[in-house]
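Those sequence lines, one after another, are chains D and A.
Residue numbers for the first sequence follow the numbering used here, so the first one is 37 and each next one is one higher.
Residue numbers for the second sequence follow the numbering used here, so the first one is 656 and each next one is one higher.
Where hints are given, some of them may not hold.
What the hints assert, rightly or not - Here are the simulated DSS-like cross-link-like pairs (lysine-lysine), alpha carbons at most 27 Å apart as the crow flies: (1) A:K784 / A:K763; (2) D:K507 / A:K763; (3) A:K755 / D:K491; (4) A:K665 / A:K894; (5) D:K462 / D:K448; (6) D:K93 / D:K180; (7) D:K507 / A:K755; (8) D:K462 / A:K665; (9) D:K392 / D:K417; (10) D:K462 / A:K784; (11) D:K392 / D:K491; (12) A:K780 / D:K491; (13) D:K383 / D:K314; (14) D:K392 / D:K414; (15) D:K491 / D:K507.
Worth flagging that the hints you see were computed from the coordinates, not collected in a lab.
All figures in this text were calculated on a predicted structure; none of them were measured in a lab.
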Amino acid sequence: MSESAKTLQDLTTQDYKYGFVTDIEADTIAKGLSDDVVRLISAKKGEPEFMLEWRLKAYRHWLTMREPTWANVTYPRIDYNDIIYYSAPKSAGEGPKSLDEVDPELRKTYEKLGIPLEEQKVLAGVAVDAVFDSVSVATTFKGKLGDLGIIFCSFSEAVREHPDLVRRYLGSVVPYSDNFFATLNSAVFSDGSFVYVPKGVRCPMELSTYFRINAADTGQFERTLIVADEGAYVSYLEGCTAPKRDRNQLHAAVVELVALGDATIKYSTVQNWYPGDKNGKGGIYNFVTKRGACRGANSKISWTQVETGSAITWKYPSCILQGDNSVGEFYSVALANNYQQADTGTKMIHIGRNTKSTIISKGISAGHGQNTYRGLVKILKGAANARNYSQCDSLLMSDTCGAHTFPYVEVKNSTARLEHEASTSKIGEDQIFYCRQRGLSAEDAVGMIVNGFCKEVFRELPMEFAVEAQKLLGVSLEGSVG
Amino acid sequence: MLEIRNLRAKAGGREILKGIDLAVRTGEVHAIMGPNGSGKSTLAHVLAGRETVEVTQGEVLYDGRNLLGMAPEMRAREGVFLAFQYPVEIPGVSNMYLLKAAVNAVRKHRGEPEYDAMEFLALVKERMKLVEMDQALLNRAVNEGFSGGEKKRNEVFQMAVLDPRLCVLDETDSGLDIDALRIVAGGVNALRGPRRAMIVITHYQRLLSYIVPDRVHVLAQGRIVTSGGKELALRLEEKGYAWIEGQTAGPAAPAARV
């Protein structure tokens with residue numbers, strides 16, 4: 037193997053650095069799923085009756101469903117009775133009233149992850165809601181946001197404090213019966229984030245949630261609901277990690293976004309769940325349903341995702357473009373290294389007139405990774421003058437990886453204009469050599485070339501996150517081109 | 656500064672260089688001429704450390720140190736620069752971004768503080784003039800959508816910014832029209848100096864009317880078959896490479912069996 041190939045190899049086989057376990061006492065229920073477990077979860081959270089009913093409806097529906105098999109991924113059967121559906125750090129109890137009440141062990145964990153919950157974050161303009169296993173441990177800046185009428189809290193709190201809003205919007209984009217994993221989530225979801233931005237308010241800071249799976253054999257089923265009322269604007273960031281464990285862990289989240297007239301929601305994810313080891317052992321199964329509805333005219337929803345982790349990613353952040361002139365965007369970088377499998381993409385459903393959507397997908401495959409783009413652009417009958425631009429690029433970094441593209445198009449209105457571009461390229465030994473001849477190390481050269489490939493997506497991320505994403509990609513690729 | 660001794664090298668399973676001896680002193684400009692396939696570019700790649708070329712015998716000393724033992728990036732940081740015959744495109748990476756990373760890698764290696772954006776910009780502005788570089792090219796992705804001439808100009812511009820000690824120009828004249836050739840040659844001439852040595856590889860004499868070499872070497876079938884002063888290039892132009900190959904076929908053949 038040549039030296040630059042070796043560096044690429046080293047570069048892409050590097051260890052997962054967030055794999056530590058926090059030793060913390062947890063309130064964990066027994067494995068398995070039943071009516072009683074659903075009731076128990078609801079009771080532990082002190083939920084109102086409507087919430088319990090919704091959960092039970094979902095659970096009963098789920099019992100009639102079958103796990104989907106159409107995705108381009110393979111994994112052993114999941115035993116849904118071998119999963120713990122609720123685990124909470126014990127000291128969290130009722131939930132901390134302020135940062136000082138947060139368990140020091142927990143805070144140390146977040147510091148290790150580079151997420152200080154301290155008030156200094158004000159300077160960075162980030163308000164953080166951190167979800168540890170199943171409960172939200174602290175939400176910063178609640179007061180400041182409250183002055184503007186913005187609600188940013190854990191989902192459980194929203195259910196208790198703002199039941200009307202939850203009732204109105206929960207399940208309105210992703211119904212409880214939507215799909216196998218979303219339905220499971222609807223039955224057992226434990227916590228997550230809730231955001232409501234009132235009419236005409238521009239949220240002055242990036243809102244951020246940080247998810248972490250700590251306990252073993254635990255599934256994480258968080259639920260996020262973001263509502264931007266008329267003319268509102270909000271930018272929301274989400275980051276994820278998990279400890280290294282030999283067993284696979286299930287993560288089945290649901291995210292619902294609702295943008296009313298003239299509202300804009302920007303949703304950015306940097307997903308770095310534990311991807312499993314070099315031989316494909318362990319890692320998170322990330323089976324997530326994310327969908328946004330542009331309900332009102334001139335509304336806009338923009339998804340940006342950087343997916344570097346998880347053993348398997350199954351995820352299609354989508355936009356339902358109901359309002360006239362509404363805009364949907366999907367910018368994605370997905371990396372599949374070692375034995376990772378990613379089947380990800382988007383759905384753009386054009387319903388309103390003059391609706392516009394843009395899809396930019398960058399897939400990077402390394403090692404034995406398999407990367408699939410799967411996307412649907414659907415133009416309904418009433419969507420006059422709808423436009424879509426799709427671009428799917430794949431970068432291959434070894435001879436053993438794969439890239440697959442499945443673009444689906446359904447057009448029922450002849451005034452629609454759709455463009456689709458796709459490319460596949462292999463990272464060039466000549467490109468790496470060129471950079472090295474100018475003095476860059478092979479690692480830096482690969483990093484630079486890969487970042488160049490992802491540029492159109494990274495520039496959509498908030499500044500701080502973009503830097504983070506670039507670093508993460510570098511780390512995730514350590515050891516990969518052969 | 657540079658001493659090449661009995662260098663033999665293989666590429667694609669075939670022996671390309673069959674025993675090269677060459678010494679270049681600081682301040683000198685050497686031209687290497689020869690027909691297609693004679694091994695000119697392979698020699699340039701050996702000096703830069705390309706891994707697709709395998710050195711089978713011989714040594715190369717750079718300031719008395721073993722150049723072949725150094726990784727390509729170390730050679731670059733120590734002042735070896737290769738102006739590529741076919742500069743690659745790197746989509747999404749701006750020319751400025753690559754160059755700033757390169758300059759700072761070199762500075763860091765030398766123990767000098769890295770340039771910040773303003774200092775770097777000042778340096779770039781000054782060096783751009785040397786090759787009449789269009790500012791728009793700086794912010795475009797590396798070589799992406801550049802014309803042949805723009806790519807070559809970009810190579811010489813990078814050379815000017817990186818301030819190397821040993822410059823190897825691999826057919827920098829190919830694909831240039833006469834105006835571009837004059838500009839590129841002007842840039843190279845401006846960089847000539849007592850601290851720097853240059854190896855100019857070319858197929859045609861044309862370039863050497865602009866960049867006048869101290870020595871000219873003719874490479875044929877992997878060997879330097881003749882060397883001389885600048886007038887050798889003119890004789891070659893007049894008589895063609897067949898003249899050299901005819902002259903040296905006798906003595907060269909037995910040497911190959913050694």
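Hints and how they fare:
With a C-alpha separation of about 26 Å, the suggested pair K784 of chain A and K763 of chain A falls inside the 27 Å cut-off, and the hint holds. Of the supplied pair hints, the one linking K507 of chain D and K763 of chain A holds, its CA atoms being roughly 21 Å apart against a limit of 27 Å. A threshold of 27 Å between alpha carbons decides the hint, and for K755 of chain A with K491 of chain D the separation of about 18 Å falls inside it, so the pair holds. Under the criterion of a C-alpha separation no larger than 27 Å, the hint pairing K665 of chain A with K894 of chain A is inconsistent with the structure, at around 30 Å.
This hinted pair does not check out: K462 of chain D and K448 of chain D have alpha carbons roughly 37 Å apart, beyond 27 Å. At most 27 Å may separate the alpha-carbon atoms for a hinted pair to count; K93 of chain D and K180 of chain D exceed this at roughly 37 Å. For the suggested pair K507 of chain D and K755 of chain A, the alpha carbons sit about 18 Å apart, so the restraint of at most 27 Å is met. Taken as a hint, the K462 of chain D and K665 of chain A pair is honoured in the structure, with Cα atoms around 25 Å apart against an allowance of 27 Å.
Note on K392 of chain D and K417 of chain D: the hinted pairing holds, with a Cα-Cα distance of about 15 Å set against a maximum of 27 Å. Of the supplied pair hints, the one linking K462 of chain D and K784 of chain A is violated, its CA atoms being roughly 36 Å apart against a limit of 27 Å. Taking the CA atoms of K392 of chain D and K491 of chain D, the gap is near 22 Å; set against the 27 Å cutoff, the hint holds. The straight-line distance between the Cα atoms of K780 of chain A and K491 of chain D is roughly 26 Å, inside the 27 Å bound, and the hint therefore holds.
Between K383 of chain D and K314 of chain D the alpha-carbon distance is near 32 Å, which puts this suggested pair outside the 27 Å criterion. Note on K392 of chain D and K414 of chain D: the hinted pairing holds, with a Cα-Cα distance of about 12 Å set against a maximum of 27 Å. Restraint check for K491 of chain D and K507 of chain D: the C-alpha separation of about 13 Å stays at or below 27 Å, so the hint holds.
Violated hints, in rising order: 4, 5, 6, 10 and 13; the structure is consistent with all others.
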